[in-house]
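Q: Starting from the structure of chain A, add chain B where the hints point.
Number of protein chains: 2
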Amino acid sequence: MKGWMKNIRQVTPYTPGEQPKRPGIIKLNTNENPYPPSPKVDKALKEMDVSMLRRYPDPTCQILNDALAHEYHLRPEQVFTGVGSDDVLAMCFMTFFDGEQPVLFPDITYNFYEVWAEVLRIPYRKVPLDEHFCIQSRDYAVPNGGVIFANPNAPTGQILDLGTIREILDANRDSIVIVDEAYIDFGGESALRFLDEYENLVVIQTFSKSRSLAGMRIGAAFASPELIRYLTDVKYSINSYTLNTAALIAGAASARDRKYFQETVGKIVRTRERVSARLRSLGFIFADSSANFLFVTHPEIPAVKLFEALKEEGIYVRYFRQPRIDNYLRITIGTDEEMDALIRFLEGMILL
Amino acid sequence: MKGWMKNIRQVTPYTPGEQPKRPGIIKLNTNENPYPPSPKVDKALKEMDVSMLRRYPDPTCQILNDALAHEYHLRPEQVFTGVGSDDVLAMCFMTFFDGEQPVLFPDITYNFYEVWAEVLRIPYRKVPLDEHFCIQSRDYAVPNGGVIFANPNAPTGQILDLGTIREILDANRDSIVIVDEAYIDFGGESALRFLDEYENLVVIQTFSKSRSLAGMRIGAAFASPELIRYLTDVKYSINSYTLNTAALIAGAASARDRKYFQETVGKIVRTRERVSARLRSLGFIFADSSANFLFVTHPEIPAVKLFEALKEEGIYVRYFRQPRIDNYLRITIGTDEEMDALIRFLEGMILL
Chain A
26 MKGWMKNIRQ VTPYTPGEQP KRPGIIKLNT NENPYPPSPK VDKALKEMDV SMLRRYPDPT
86 CQILNDALAH EYHLRPEQVF TGVGSDDVLA MCFMTFFDGE QPVLFPDITY NFYEVWAEVL
146 RIPYRKVPLD EHFCIQSRDY AVPNGGVIFA NPNAPTGQIL DLGTIREILD ANRDSIVIVD
206 EAYIDFGGES ALRFLDEYEN LVVIQTFSKS RSLAGMRIGA AFASPELIRY LTDVKYSINS
266 YTLNTAALIA GAASARDRKY FQETVGKIVR TRERVSARLR SLGFIFADSS ANFLFVTHPE
326 IPAVKLFEAL KEEGIYVRYF RQPRIDNYLR ITIGTDEEMD ALIRFLEGMI LL
Chain B
26 MKGWMKNIRQ VTPYTPGEQP KRPGIIKLNT NENPYPPSPK VDKALKEMDV SMLRRYPDPT
86 CQILNDALAH EYHLRPEQVF TGVGSDDVLA MCFMTFFDGE QPVLFPDITY NFYEVWAEVL
146 RIPYRKVPLD EHFCIQSRDY AVPNGGVIFA NPNAPTGQIL DLGTIREILD ANRDSIVIVD
206 EAYIDFGGES ALRFLDEYEN LVVIQTFSKS RSLAGMRIGA AFASPELIRY LTDVKYSINS
266 YTLNTAALIA GAASARDRKY FQETVGKIVR TRERVSARLR SLGFIFADSS ANFLFVTHPE
326 IPAVKLFEAL KEEGIYVRYF RQPRIDNYLR ITIGTDEEMD ALIRFLEGMI LL
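Chains A and B, in that order, give the protein sequences.
Residues in the first sequence are numbered consecutively from 26, following this note's numbering.
Residues in the second sequence are numbered consecutively from 26, following this note's numbering.
In isolation and in its complexed conformation, chain A is listed as follows (with noise of 0.2 Å):
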């Protein structure tokens, strides 16, 4: 063995769903928008003043920071922003879960949950979600060093109600609680609105789904003004300078034009709606889903058969080989004219 070797840290990544670059592909696999972002984000972007990128960008992130708390009607103070909420969750759970007890997840979850307590070594126990795949409030009602849970869950889809959500932060006033809402715009109510009633809730969002920003790579935690504080001193111990100009600007406009947010969600959720109809007179089976995607099984032909027929198609779905969930495909809401070609193919294999 070389000498090194000793000193250096060897880790099993999370795989990020596949990116195929061929084109004339319907890419139905990692949750992006099918529409693009604001036409106010183009401008903004063609409008940035490219020499003065010589120049760091703000480290504060003010301008984004600023029309996010405007949006939300909360204060500055209470907005942190970074390199996607992947990067935001990263640093929550170097900030938030420091302590020496589990932090608790459901086990069927955002799997980077898991790879960042390995990588930072953060003690975690995965709690089983219910047979439904439900959140139990009362399973997180035990000693912990923290709490995450996505709402809605992915890649379930399912949302918990504010009245559970209270259940679980009531019984954890000791614990940091962090409520991952990337899908949060696409059904249910956020948890922002209990913000100033716990001041140990972490809400977390993201530019990537509903705001049709994944490339720019734009993610944002609420929280009271102390816990910012904590977030933004390990930010600044890592890397001062996270989100580049171009992101503050592309981001900042996109928060801005509410309007168009609105009807881009609003198409998507009424595509989600008419694909589940569809879906279930073929036969999938599913629960309600909150977001942008399905989480369908099928009783008859099984979800890794589906998942290679479609690929060979050029329709890319998700599926997970991973314990309770492998035979279940999560798939993107596209466009109308994409989930047709795929519901158009379905058909053929299941009802011919």
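Source of the hints: derived by calculation from the structure; they are not laboratory data.
One or more of the hints may lead you astray.
The list treats identical chains as one, so a pair stands whether inside a single copy or across any two.
[What the hints assert, rightly or not] In silico DSBU-like links for lysine-lysine, alpha-carbon gap of 30 Å or less:
| # | residue 1 | residue 2 |
| --- | --- | --- |
| 1 | Lys46 | Lys71 |
| 2 | Lys46 | Lys68 |
| 3 | Lys27 | Lys151 |
| 4 | Lys46 | Lys330 |
| 5 | Lys65 | Lys292 |
| 6 | Lys31 | Lys292 |
| 7 | Lys292 | Lys46 |
| 8 | Lys65 | Lys336 |
| 9 | Lys71 | Lys52 |
| 10 | Lys31 | Lys52 |
| 11 | Lys68 | Lys330 |
| 12 | Lys65 | Lys151 |
Values in this document were obtained by computation on a predicted structure and should not be read as measured data.
A: The following block gives chain B in isolation, referenced to the frame of chain A:
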């Protein structure tokens, strides 16, 4: 005390150089480039298809890594890119400094090395520079968990010759040795030529200084394919998509424009040499700089006094309130006009 405080990581963050927002400032405090990025960057960004920002960026950063590999005659598997060299360095600390022995770095160097070691709980030992602020290779020929130094060093601007770097590499076959070349393009020879010979060498560079892209946050690591793989695995365990699409496009365009790069670097070097002579004639004492800044002291006027007076005048330079260097100023090389304004003001203070 609030119950959740026990789970909070509290750190003393790095303080970045001031980013004054009022106009008319001569900003010589953060080693930014006074010239805009390549016109090819402007063109590439203007041509960027903003509608495609709905998609995640390429997690492999291929266009950027390919452009760098081509420019430096390396294979793409030897290149890793991230959100500024701070992001790349933080990932390197996490990946390569995971042993029990202390990591070694100079007592006077980029302050972030100590900040990362602290926040990531890596054992470390600061090795004093000699009385001329030089690195002595024999000081690094001791058991350690890794070695990192900046070349040219910051904030001294002094370069280590390749022979001394080879001595350090030869003495550390069982450790990873990181050479942080943030300023290498302004003078001195890169350790990139050693990559084929030393599989434990990592060379770090940045687009923030010589390439005028501080605002886009792009940094790179060059190493053996094996080390790059470990680094990439850790990146994929934190944030699969770090560099956004705009940064990938801007970085690739910049890396391909060698002519513009050489022109602007040449201008800065000429300004540095002219300003060095003028400052010496005013009594300032300093070693020759191989970077885009000067690290100066004056036998008669305390640095802090000069710092305050310059700031009052709207000329921002960097002053470090820390042992051994608290009578020095770090002055970034700006345009000729900016440097003339600085010199005129200093002449007024010193000669009158």
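Q: Which numbered hints are broken by the structure, listed smallest first?
A: 6, 8, 10, 11 and 12
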